[in-house]
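**Q** What follows is the residue order along each chain.
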Amino acid sequence: MIRKRPITITVNGSTYARDIEPRRLLTDFLREDLGLTGTHVGCEHGVCGACTVLLDGVSARACLCLSVQADGRDITTVEGMGEIGALSLLQEKFRKHHALQCGFCTPGMLATAHEILMDAAPLTDTEIREALSGNLCRCTGYEHIVHAVSEALKERLGSIATGSALNAG
Amino acid sequence: MQDDARPKLIGSRVQRLEDPRLLTGAGGFVDDILLAHTLHVALVRSDHAHARILSVDVDAAGALPGVIGIYTADDFSASPLHATSRMKGYQSTGITALAEGKVRFVGEAIAAVVAESRYIAEDAAGLITVGYAPLPDLVDSCIAAASDVLLHEHHESNILVSRKFARGDVTEAFASAAVRVKDSFRFHRKTPLAIENRSYFADFNKGKQALTLYSSTQVPGVIRDALAEVLAMPGHSVRVVAPDVGGGFGGKASLYPEEILVSLLSRTLGQPVKWTSDRLEDLLTTSQAFDETIDAELAVDKDGHLLGLKAEILGDVGAYSIYPWTAALEPMQVAGFLPGPYQLANYQAEVVAVATNKTPAGPYRGVGRPAAAFVLERLIDMAAQRLGLDPVDMRRRNLVQPDQFPYRTGSGIVWDQSGFTECLELACKGMNYPALLAERSAARQAGRWFGVGVASYAELTGIGSRMSAAPGMPINTGTETATVEIDASGAIRATFGVASHGQGLETTLAQIVADELGVPVDGVQVIHGDSAAVTHSTGTYASRSAVLAGGAAHLSGQAVRAKVLEAAAFMLEADADDLNIEDGIISERGTNKTLSLAEVGRAVYSEMGRFPLEMRAELDLRATKFYDPEFGTTTSATHIAAVEVDPETFIVTVKRFLVAEDCGRLINPMIVDGQVHGGIVQGIGAALYEEVVHDQNGQALSASLVDYVAPSAAETPKLEVLHLDTAALGTLGGYRGMGEGGTIGAPAAIANAITDALSHLNINISELPATPERIYRLVTQAIEGDT
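Protein chains in written order, with the working numbering: chain A, 539 to 707; chain B, 414 to 1200.
Hints in this document: simulated from the structure, not taken from any laboratory. No false leads were mixed into what you were given.
Distance condition first, Cα-Cα at most 20 angstroms in a straight line; then the derived DMTMM-like pairs of lysine to aspartate or glutamate:
hint, chain 1, residue 1, chain 2, residue 2
1, B, Lys842, B, Asp803
2, A, Lys634, B, Glu919
3, A, Lys542, B, Asp536
4, B, Lys515, B, Asp488
5, B, Lys1131, A, Glu665
6, B, Lys1068, A, Glu665
7, B, Lys1131, A, Asp663
8, B, Lys595, B, Asp708
Construct all of the structure, not just a fragment, from the sequences and the given hints.
**A** Here it is as structure tokens:
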């Protein structure tokens, strides 16, 4: 048997202590051990971006991350961004602009877009496309995703300018 | 639609009902389903393209703690399933859970390890040794067609099906032509590449002796019927559920060996058994597309009128004839749609579908039409160039005109009234075509390789029972069903046999039912993708769901509305003709008498004696209707692309892309736009990036997403889409199918645009994808040829 190691990870504000095999992927830990199946696995080699989560606030590929590497760190998954009836700004914009179809790439797309909003730099649509280029979507052709992120970013920048405490992601 | 229940939701940009769960991580894809005592499967797959299996050594793997069992084909007695066809001379192939005796492509599954976790299963799979006796690898379809070495020993040759079409007098057409243009076209192999990999989870209930298979499939009805046959179980004991499915594009529209495998394993072991593909397995085993060589020649008169077309189509269909569509699907559809939306009376084609040691080919968005449009639209541009005609003028004078419908094409397909010429004009107007040509001139003056490409096409969608969705396939795909019911609480459920996997059918079908009943859209719960919910269905593919399921939704919605009004009329002591339903409230015109749907539901089901006995026998608020559009309906479009080729890197950038299309009446314009956008970008991928590459031994070289390149947001231009939005005459509701069209026109438009950009070098793009390497070679040849 492979010797398990103790880890403590905070996910969406809750802290979990588990004994875990060193080889266990963060995606499997989130999905199977914590039941947070919103983080999806699309390629397991870091290209498609479906598994993107926020690791200490920075976007990271959960499929390329071992759970033990996340020991002591803070993770936000799609489940921590908003909920049915209380969608986040980005989730609202994705819905309004029809920026998802099958919804499989969406959690990773939201994580990357969340980081764009956190960076809070004004971006052209071309720059938004570049910033989203690490997340593959096969359904939407990206057009509506760019609309959603662009509008969310504008509102975020507007709220920063006016000092209002608009929910970021 | 009732008189004063005019459509409120149909035609509106209704926000999708499925979005809240998908946006919050609360969706339920197959791999998200977690059941206690689940066992996991890892597969040992062939690393030979063609070999006899001599031995499978499982001793070391079996000794690993946590391994439950290791299985090969010898462990199962189920007989192979065959995709049958009515086509003369067709040779079928068997589909089994695991390879029997030999392997025919790299990635074919040989042994299955069942273990307590996927980690252990993969550990064990790595310890299994397979002994092979290699056979000649038949990778090239020309060689395979003529080879004495057979993939399937019981066959007469590797040609699974072949056919000749001829209509009109082709010889005379070519003899009298002022211009003849021809080329050999090659559209390389691609893969659908849904972001969700295929995933199957079987849960056999020992007590009920019943199986539930959760499958990432587009066709739960087809899979249910197939499994009932393979497992020799009655259909009512086999339930196939397609929950949230992460894209399909045709790649999830066929029966796969792994669906049979997990079902057999769960029944054998009495525990839930799950297998989820990884991306390597997806790139090796999910059905692939295109891979055709098409030699075609077009005859044109001096005024640019099309006279005749000849084509020889050689399709590489891979190792097996896929279930249920058969190997005829893709290459035969190329021949069927090659005459395009044009007046073209004289046509002949020969189609040969050859088995090779590659991944089986199957349905992919557009099926045959992307290759057909690529070839014909290139030939038309070649002819236009010879005659000095503008490509738009060339199409304008050849498209089937509004007064010529219905029009029978050279292949026998009948186009019903559709906006062929209107789409061409709308595209030119939307793009400001003269201004685009001026922009091209300016760019060329500045030394830039800038090109404009136009492509028009038509496709048959919403196919009814008088045709087959796949040529020669015997199963009926021409009907769909809808059950609309109001329960005792007044809540509305609409149940369909189709299976949404991104199309937003939970919203669009709810829009139709809600308009028929006069209720808010979020008051209608749509059930789909569950074989147990309907008596018969196939699923969602071939741009059929809006037309067929939408039609059935109208019919059953109308029937339930009539039942509601009958009950309400009795309760209100009114005439049903004087009643209206709006926002779920039934009211009598001219009075203040009202009832809610909940009150009617409660009265009908729960309040004994409320209705007289003679009414009660028929009084449920429920109706099941079927819709069969008989032939289908024609969707058409014109695509215009502007591209620029970098003279140093030979990378093609799509600068602008516009589609003008006629998909009939739009149910939800936002969703229609999204479908077109997605289709275009898959077409851009097919034109520029996406290619499954095999070496001479049949090894897949494009075995990761680094090697198989799909377009990201950065490579994708802003997309412009215009609609005619005119109701189709031949379908209930006036809808036409539109899920695939984006992928049909885009490769052709881009190939024409690149050719235009390279016109100063006299280069014809006859091979797709037009990768930088291919363009580099063409440019180098052109320049060397000049010196």
